[in-house]
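**Student:** Taken in sequence, the protein lines are chains A and B.
Quick note, the first sequence lines up with residues 0 to 551 if you use numbering that gives the first Met the number 0.
Quick note, the second sequence lines up with residues 0 to 755 if you use numbering that gives the first Met the number 0.
All clues stand as given, with none of them false.
The calculated SDA-like cross-link candidates involving lysine to any residue, where the alpha carbons are at most 20 angstroms apart (straight line), are: (1) K275/A x S255/A; (2) K259/A x D238/A; (3) K218/A x G163/A; (4) K11/A x V275/B; (5) K11/A x R481/B; (6) K259/A x L286/A; (7) K259/A x T228/A; (8) K153/A x P305/A; (9) K11/A x E274/B.
Far from chain A, some chain B residues (derived; all Cβ distances over 12 angstroms): (10) A17; (11) L18; (12) A114; (13) A148; (14) A169; (15) R208; (16) A373; (17) P399; (18) A512; (19) I731.
FYI, nobody ran anything at the bench for these hints, they're computed from the structure.
Keep in mind that this is a model prediction, so the values were computed, not measured.
We treat Cβ as the ideally placed atom computed from N, Cα and C, and that holds for glycine.
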Amino acid sequence: MTNGPLIVQSDKTLLLEVDHDQADACRRAIAPFAELERAPEHVHTYRLTPLGLWNARAAGHDAEQVVDVLLQYSRYPVPHALLVDVADIMSRYGRLQLVQDPVHGLVLHALDAAVLAEVTRSKRTAGLLGTRLDDTDVVVHPSERGHLKQVLLKLGWPAEDLAGYVDGEAHAISLDEAGWQLRPYQKQAVEGFWHGGSGVVVLPCGAGKTLVGAGAMAKSSTTTLILVTNTVSARQWRDELIKRTSLTEDEIGEYSGARKEIRPVTIATYQVLTTKRKGVYTHLELLDARDWGLVVYDEVHLLPAPIFRMTADLQARRRLGLTATLVREDGREDEVFSLIGPKRFDAPWKDIEAQGYIAPADCVEVRLTLPDRDRMLYATAEPEDKYRLAATAPGKNHVVEKLVAKHAGDQILVIGQYLDQLDELAEHLQADLITGQTPVGERQRLFDAFRTGEIHKLVVSKVANFSIDLPEASVAIQVSGSFGSRQEEAQRLGRIMRPKGDGRTAHFYTVVARDTVDQEFAAHRQRFLAEQGYAYTIVDAEDLGIGEPATD
Amino acid sequence: MSTFTGFLRSRSDDDLVALLRGRPDLATPSPTTIASLGVRATSRGSLERALASVDAGVLQVLEAVVALGPDADVRAAIADTPAGVVLVDSALERAGELALLFRDEDGLHPAPGLAELLGPYPAGLAPASPTDPPGDVVDVLPDAPAGVAPVLEALTWGPPVGLAPSNATATAAAVDWMVRRRLLVMGDGRHVVLPRTVALALRSGRTHRAAALAPQPHFATRLPATVAAESTDAGERIVRLVAQLGRVWEESPAGVLRSGGLGVRELRRVAAELEVDERLAALVVELAAAAGLVGDDGEELPSFVPTVAMDEWSLAPVATRWALLASTWLATSRTPWLVGGRDEAGTVRPALSPDLHRAWAPRLRRSVLGMLAAQPAGAAPDADAVLEVLAWRTPRSVPPVSAVAAVLAEAADVGVLGAGALSDAGRALLSSADEAAATFEATLPPSLDEILLQGDLTGIVPGRPSDELESLIARTARVESRGGAVTVRFTADTVRLAFDDGATAEGLLAELARFARGPVPQPLEYLVRDAARRHGRLRAGAASSYLRSDDPALLAGLVDNPKLSGLGLFTLAPTVLAAQAPTRELIDALRAQGLAPAAETPDGHVLHVAREVRRVGRRGRAAASRRAGTEAPAQATAAELTALVARLRAPEPVAPARAPAPAADDGTDEPGDALLLLREAVAEKADVWVELVGPTGRPERRLLRPLRIDGGRLRAADVQRESELTVAVHRIASVRRARPVAAPESDDGIADEETA
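Chain A on its own, in the form it takes in the complex (with noise of 0.2 angstroms):
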């Protein structure tokens, strides 16, 4: 028995005591194979799941590697079961793959005829294969690339994909390093996902995505489409794009629904390509307007099905995922794995954190104590009123108040849900309010505003949530959310988690009605931030001394 900092539960999770000497190696050794599920302050929890392990292989890690490392930083002995399980599922990936063959084209070749047997005999795989060559190759239709490999991870046989890429149409883009250059870990992504060929890179919010992706295009100098979330973030890789590469305004076009230009680097949203009319997407033509030579996906765990169908036909060209969590809330983590490509590049936020990349965050709740009077009409209305009321509550106005007066001078981003809730406390705090109807071109002038320092204060709806960079925001203040999602929290939380100039920490308030739905809302917050290692307070807003009085 060894003194090690991992502890193997025969339920697959692996906990690691971060105090100890040895954590460090220990989690670097780690992480190529296991998913950090939390990430508290004493002991962080890994999880071992076929994803996991595969992208481990896929990494060119084998079973042998993972058992060692297992063995060597465990405390207790390692259950046989697990180890006998992990060789299992690692020796899955790679018995299949896709190859390029000469003479038929696109052909699943296996390591073992045994596996090939059993895929060709399963209905799943009916009318994706083509003439079985020999024991052990089978052609496949090029169409068919991404369709099948989807079915043989379902199947549990994840094929490996040799079978190259397009070249794509040429086209010269270089970064423009002048005054800056990319970060160290920037790099390595480029050159993980590069050196794979396709696949995903997993990097906080705040820790220069966009760059990685600039890195992958200036590496490919191909024309690229970039698919992004929605119009603001389109218009923000596009000022990213002009201001860090040798690309101009008039090689990016953006493919939006205001816009429809098609140029040699075209950033398209998830929306326009997903609308459909009759019945059938009006814009699938982009896809092949070019010869593309890189797609790239921004946010990968918001990539809506409609874009994973449409994947599957781009088999054929590389293609780029960026993404802060690999965790979607729909559990398609799979089809991500399959048609985007495996985990190529993975940072914590806590290693970015901790080489001063991104600022450190102070989170804090701060409970409000109901006056009667509210408390009265919560526990009297209709359930599906209670969240409302509970958020909207009058009382936190005077707490955002309290708490944005603390923090003057700093830059400050108020975030709420409902609109008339929003109207009041911008009011209130004599600030701008950015909500969905604000016109594209008054929401970037605000923005501009607000990065310059010529306002401080903001109150922004959910549009906020994805792709805007507003680098100078050091306090956050969330008043409103819609149900305590993960990925939400991930995003507001990447708001504030950009790097300061002074390496000031953030903040994030949530400001909580107690014993309401509000609060229950809250502990999943609590829980996801907690987990992810943010130090985390409870405060009740009396004891701030910005409480109304109770008997109002």
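Given the structure of chain A, go ahead and fit chain B onto it with the hints provided.
**Tutor:** Below, chain B without anything else, positioned relative to chain A:
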């Protein structure tokens, strides 16, 4: 027989002790003389038992001796290598020790009766027969046609009997060729037999191809630390599960099926509560029952509940608790792995069902563990390897592979195996439970008194928690994962349970702080304090009625009034009192004090309470009158009234409360007479008035035409209702011949009642 007894007599005392130890059935009950020991040792049952316990080497020796007779050279007949010779020698010795073989001046003899048990063809040789050809007939074989070799191949090593081919095939020609040269003889019309002499010549005088050396299956080995860790882990788990089963069943016992088992749904409930699969749940339930920790409570509607033994058991140290379960498992004849399967009739076998007893189960478990114990430490054979060895050890009773696999799986669940290899405690279990407990105790990893509390409201004990810490966890948190470490999660609900048990926020935080490395995280502290704040904000209590008034002074006076002390009044609020007495009593008592209370409904309306009067439901009476049938019509006919008066006048001292007696004339109440009358009525196809006693004991008179009487039942047509009925004869109170007249008027009454 006399020589066998003589052989027994000649044995030394030590030899006899060894015999009795080797064949324990000979010692119970104690035989009185050597002769009686001899008789018993040669009885079929005892010999079968002895044969079931010998290994393949001994069996070969016995077969060789039986097949070849006293002057056989057993070594030459079996062994082909020096190792084989050693095996044969030791097998001979063992067979002698068990008195299955004995030696006299003629040579080796099987124990009397043994030969029959080895079947008609011991060692695959046909019995000697005077018609056997000399062995040299095989000299013609080099010239044999092609079909002969496969025939000989099939018959040489036995069994020596084959089905004669019927049609003109190559085989038939070969057989024919062989029969003509006396290489085969015809048995009955359809079979051919390879004569003993021919077989022996082909085998070069051997009875077996080779000595049955013990198999050496190859299997994986596990590190001792892994075996120890996984076996203690499983051991602690099974102890925890049984204890948990006790907690589940002490609060909500599980009903016993009419057939005596635990229903599928109840088993599923146990599985859900224990968070295990049904297979393991069945093992836990069976183990707890076999250990006497749970049992049938014997009530009218029986349930399975923990016994008092459960209480004693739960106080013992974990090693002792485990040892009881493990030794119970080893010794029980229950076969939990059969639960959920189907029996011959196709019904699912429930857990705890009486027909899960298999007398061979303990023997199988012991032989599997014995096999494992004979391997080097850390050996982890799979079921096939175990079976291979068992098949050699006891070739006469080879268990099915499924049973062996099930026993191995159970052993792993009980913690006798760890990572598939026998644990030290499991090895000790074969000698005694106490030794096993001591070994288990020694194998347990050291316990920890430390928990790492984290901001996400989880806690991790990086090892095995001490008893004190374990109890703190059990009271305040929910376990999420167990293994080398224990991870727990604190939620408002789990903390509330601690408060329900009387904890205080300060006490709980102090206790957590004592075990925590570093301070208690702020969110956890907040959670505990918040839970404490919310705990008990609502108060519930028992009261039968309440009293409210807008005048607090009035109520205050009532609480202190000694004359009202019997009502159990207490103040809930200045304007509300609660009382232990029911509302009516409360109102009466207050009225007696000259007060004027008014009762109210839950929504505050004044209720005028009428005085208490008693009624009984209408339904009962209607049913009663319906069952009474024609005997209680609303308007009795004159004839019936006359009959009634006659009955009233008739002295009936013995059973005055009995059903009204039938009319005296040609009716009958003697059962024999009644039957006779009914039989006559059947023969004559006549109608009779029959007085039937209903299920409630009320008599009913029906006009019936009896059709048949047999098996204590009367089958009859009801003339008026045009229906048939079958009635048990003992329900017939009396029978009276019906006059050939129309039915009495009251019959309309019956019809009405029936349709109503």
